[in-house]
Amino acid sequence: MPFVIEPHWANWMLTLEMFVAGLAAGVFFFIALANIGGNAEDREVAARLGFLPGPLMVVAAILLTVDLGQPFRFMNLIFTSPAAAERPGPLMLNPSSPMNWGTYIIFIFGALTVIPFLDALRHTGRLPFGAVAVEALAHNRVGMAVASAFALATGAYSGVLVNVSNQNVWADTYLMGGLYVAFSALGGFAAAGIAADRMRARQTAGAVRSGLLGTAAIAGVLVALLVGNLVALGTAGPLIAAMTALVAPTFWVGAVGLAILFPIVVIGSGARLRVAQLQVSQLAVVGAVVLLGVLAFRWSLLHSALAALGGHG
Amino acid sequence: MTANAKGMFVDTTLCTGCKACQVACKQWNELPMDDEAAVREHRAFTANSYDNTGHLSATNWRHVKFVEQFSEDRSDARWLMMSDSCKHCEQAGCLEVCPTGALYRTQFGSVDIHQDVCIGCRYCVGACPFGVIDYNKRTGRVNKCILCQDRLEEGMGTACSKSCPTSSLTYGRVDDLKTMAAARVRELHAQGKTDAYIYGWDLGNRGAITQGPNKGQAVADMEVVGGLNVFYLLLDKPDVYGLPAAPQLPQRNMAPSAGVALISAAVLGVTGLAAFRRRRMEQAAAQAS
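Line order of the protein sequences matches chains G and Y.
Positions in the first sequence are counted from 1; adding 744 to them yields the numbering used here.
Positions in the second sequence are counted from 1; adding 146 to them yields the numbering used here.
Please note that the accuracy of each hint is not assured.
Among chain Y residues calculated to face chain G with C-beta under 8 Å, some are [to be verified]:
| # | residue |
| --- | --- |
| 1 | Thr148 |
| 2 | Ala151 |
| 3 | Val243 |
| 4 | Val271 |
| 5 | Cys274 |
| 6 | Tyr281 |
| 7 | Lys283 |
| 8 | Leu414 |
| 9 | Gly418 |
| 10 | Arg424 |
| 11 | Arg425 |
To give an idea of the chain G side of the interface with chain Y (calculated C-beta under 7 Å), a few residues [unchecked claim]:
| # | residue |
| --- | --- |
| 12 | Leu777 |
| 13 | Gly782 |
| 14 | Gly813 |
| 15 | Asn838 |
| 16 | Ser840 |
| 17 | Pro872 |
| 18 | Gln911 |
| 19 | Gly921 |
| 20 | Gly922 |
Covered stretches of chain G, going by a simulated chain Y footprint (3 or more residues, C-beta under 8 Å) [stated by the list, open to error]:
| # | region |
| --- | --- |
| 21 | 823-834 |
| 22 | 958-967 |
Bear in mind the hints are in silico, worked out from the structure with no lab data behind them.
Where a beta carbon is used, it is the ideal one built from N, C-alpha and C, also for glycine.
In isolation and in its complexed conformation, chain Y is listed as follows (with noise of 0.2 Å):
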């Protein structure tokens, strides 16, 4: 991990889906509309929900997702919101396969674009297991959550946290967030809350789901690529939140496929030398008869 790396620490049993950290990203990095007309004669609604974006992309770098959980005669319900950004993993996916070095890893662990340099090849967008980096058909780059670098190097938080009405998201150092998200489980936990976790690092947490479709299912914190600067404290599965249960780093395939397309060429190289070899020894038999 980068030393002193900065990031986010997101509490989503604090999260009221108040949207403030979405319009704050919006507003800070000055990101338009994703389709202004839609907006205007109102096709935009997602019908999913309160969720005004449905997903993140290159100009909604920031996301507050609501799921609704019912259970069969509709007498119980819960409602888990999660305001979903780049995770800046540690191992990251995106910026190992950059091969222009657009990608990079700041100062402060994060993970940012040099907008100069991206060639628009859309390789990262294939290679990220979250789907948080986006193509931006209008400048012809890819764009995501840069975890506000310029207000870091100026020394401010995030714009999203400083925002944020309830504390669901802080910002700070990756180890003091550590460290305050392990004392909130064990808070939520002696409140009977069991199913709180940590999506990022392993803390040591373990508890049972006590609400909704997975009720009864163990959970426990997840280190996930080499660690998550950006986490999450959940109350379900990862993928009732949309997050996958086990991203991998693409690159996991990069020798075994290398080897197998080495092997199938060497065999094809034989197969290909064996062709003309046994024409030559047809002929040969043929001049001989």
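This is chain G alone, in the form it adopts within the complex (with noise of 0.2 Å):
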């Protein structure tokens, strides 16, 4: 019997900004991979990609903010409202909510973006001033390893948020965190994938590719633990069968056939794809099959809870 009520999230938005912060985060750790154990050719894309985090985080932002019931009153996630006396200090920090530590990593790594943006701009010669101090910062081996825990914590904080709660699926777990990241850094090298293979980077593509296999590897056996885990519970039925929002379809056909499978079977096989009339090749078809697939895991995962909650305790 279910004991939770639905929330009443807007779940195409949460979906949606689940999808595009995951994506941001997994797009910048690629960017950090590159820029720590790349090479010149591996930086060119880097540098390319780095147009992206930064405006989708703007939009995840923009979706998280519009989601809430007062949206006006968001800063009251970072400043202690006066009303909230209880409430010790300046900042809004309750240590046992997910949420609020989601909310300064999402600041810290919104405002992380800004450098791989600028040195996109930097790269193709559009930035007017500053490009010696953007190029020393973005190529920081250091500085852009701590940025990428900033953004792999972004990737995990929504997985965390699902967990600590009493929802049916999400609550029944301790690997939404993990499950996330992993997606998120999918996406990441989903993108790299198709960045490479427009730009005709062909050392990069070689390193994308073990990268799509080793992630969708680790993705592969998170997905395994999870369904062994939910099942071991009895609790695994809205995923292995829920036809609501078609969370079973989407999470057998989405999540694990397009993000898991596909890459590992194509890549690994050394299939040749190619869409002729587009000039798109294989790391480009496998890379937006990915990206599909790691938006139907968000949508499976976010609605899986709700599936199981069929009604109101």
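Mind docking these for me? Both chains are given alone in their own frames, and the hints should help you get the complex.
Below is the structure:
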């Protein structure tokens, strides 16, 4: 019997927000990797991808704010409202609330996305000032490693958020944070694959293929653990069979099939895919399919709890 | 527990299902109907015994539940009724996850909401293990029973308990209420009603169900989520009344989930760097050959 009632979120908006923020985090993660361990061509691709995380985070922030019942009070997440007299200090921090931690993480990560954006401008000759400083920041390995930690934390945040609830499926496992960050990284490599393909960066494409394979394998292990965990608890029903909001089909076909199995099979077997008229080759096709799978993952996991509710408790 | 905490003892054996408490709650708190048109057009019938609201919601802070139990041949029956509301948990899931400080612990130990602070994020809705707190689409904020905070500040009891004609709802100091509840369970056990036990605090009572589908099963007092300031005397398993058998705080998942995320992120980082390293080594090998 469900004891928790439906929170009435605008689910399409939340799905999109989680997808967009996760993609921003994943792309930033790839940019950091390219700057830490890549060569000149990798950094070229990374610089082009630098245009993505900032605007994506702006879109995510808008979606998050619009979905609030009181959007104009969103600053109450950061600054303690004078009316909340029980809370000490000017900054709002409830350490037991993942949403509070997440707000700060997203805020910091959002600020950090300015660096690759400026670097992308510099790379395309559109940055009128501070080019040297931007280059030093964007290519600083330690700095990018620290920044990528915030990117990965942003990718994991929504997963931890849904884990820390009493909603069916979400709260039945500890794996949500791991799954969300793995699918963020998958999205990042998928976007990098498309960029590498369009820029005809063959060396980068090689690294992206390896990265996609490894990341898909990690996501696959986590999904297997999730399903095993839920089956053991007897709560796998929504993910296995729920047709509410097409949870089961989007999970198995989208998240498992498109995001995990497709890249493993295609890249692993070295299959040649080419959409000739569009001049798009294997890696870009895999990237686009994986992105669709990542979106399906966000949709199915978000709706799994609601599919399990089936009414008020 | 908050010193001198105030709360309510809900003795379901005394509830007649009159719903005076529901009406008093609606009236004192000026809560509107959920769907006026549905009532006018006779569409509001729940078809569930005499239940007229179905569940707690943003505009129904109190709900009288009706549980009808019949034997297989319908020769034996019993009717369980329970006036439900927010439990004002000692460890409140809603309060724990609130990211703005809108939910807070009052001087009476109850959990209230600063309506002018709530941003309508609805995180508390999914965090409450009892399905109590609800989102109000009209105001964009959340609502639930606030234990008549305004009345308590004036030294008055809760509106629902004042209106209860059978003393099924009793307002008072939680410590006093626990003493009262223990005595009431002992009294019922002495009468042969060994079904009686307390949901919310462990006062040491043990018994067995004497009627209904769960007849013969053992029952015992249950302390849940650190104790409930609004607690219940029940005659059957908690899930019969729509109460969770083992409610938990959402925070139980926080450290393990963050830990799994951290390990996953570390593995992803190493995998990502390894992808670039592998490519570099392949290039080096190709150049060497």
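Chain Y covers the region 958-967 of chain G, three or more CB atoms within 8 Å, holds or violated: holds (count 4)
Interface restraint verdict for Lys283(Y) against chain G (beta-carbon cut-off 8 Å): Status holds, d = 7 Å.
Hint status (Cβ of Arg425(Y) to nearest Cβ of chain G, threshold 8 Å): 4 Å, holds
Given hint Tyr281(Y) near chain G, where the shortest CB pair must fall under 8 Å: At about 5 Å, which falls below the 8 Å cut-off, the nearest Cβ of chain G leaves the hint on Tyr281(Y) intact, so it holds.
Restraint satisfaction for Asn838(G) [CB to CB of chain Y, less than 7 Å]: 6 Å, holds
Proposed interface contact between Ser840(G) and chain Y, which counts if any beta carbon pair is under 7 Å: Because about 5 Å separates Ser840(G) from the closest Cβ in chain Y, which is inside the 7 Å limit, the hint holds.
Restraint outcome when Cys274(Y) is required to lie within 8 Å of chain G by C-beta distance: 7 Å, holds
Within 8 Å of chain Y (C-beta), three or more residues of the region 823-834 of chain G: Result for this restraint: holds, n = 6.
Given hint Leu777(G) near chain Y, where the shortest CB pair must fall under 7 Å: Holds, about 4 Å.
Status of the Val243(Y) interface restraint (C-beta, 8 Å, chain G): 5 Å, holds
Chain G contact restraint for Val271(Y) - C-beta distance below 8 Å: 4 Å, holds
Interface restraint verdict for Gln911(G) against chain Y (beta-carbon cut-off 7 Å): With a closest approach of 5 Å, the Gln911(G) hint holds.
The structure shown violates the earlier hints numbered 1, 2, 17.
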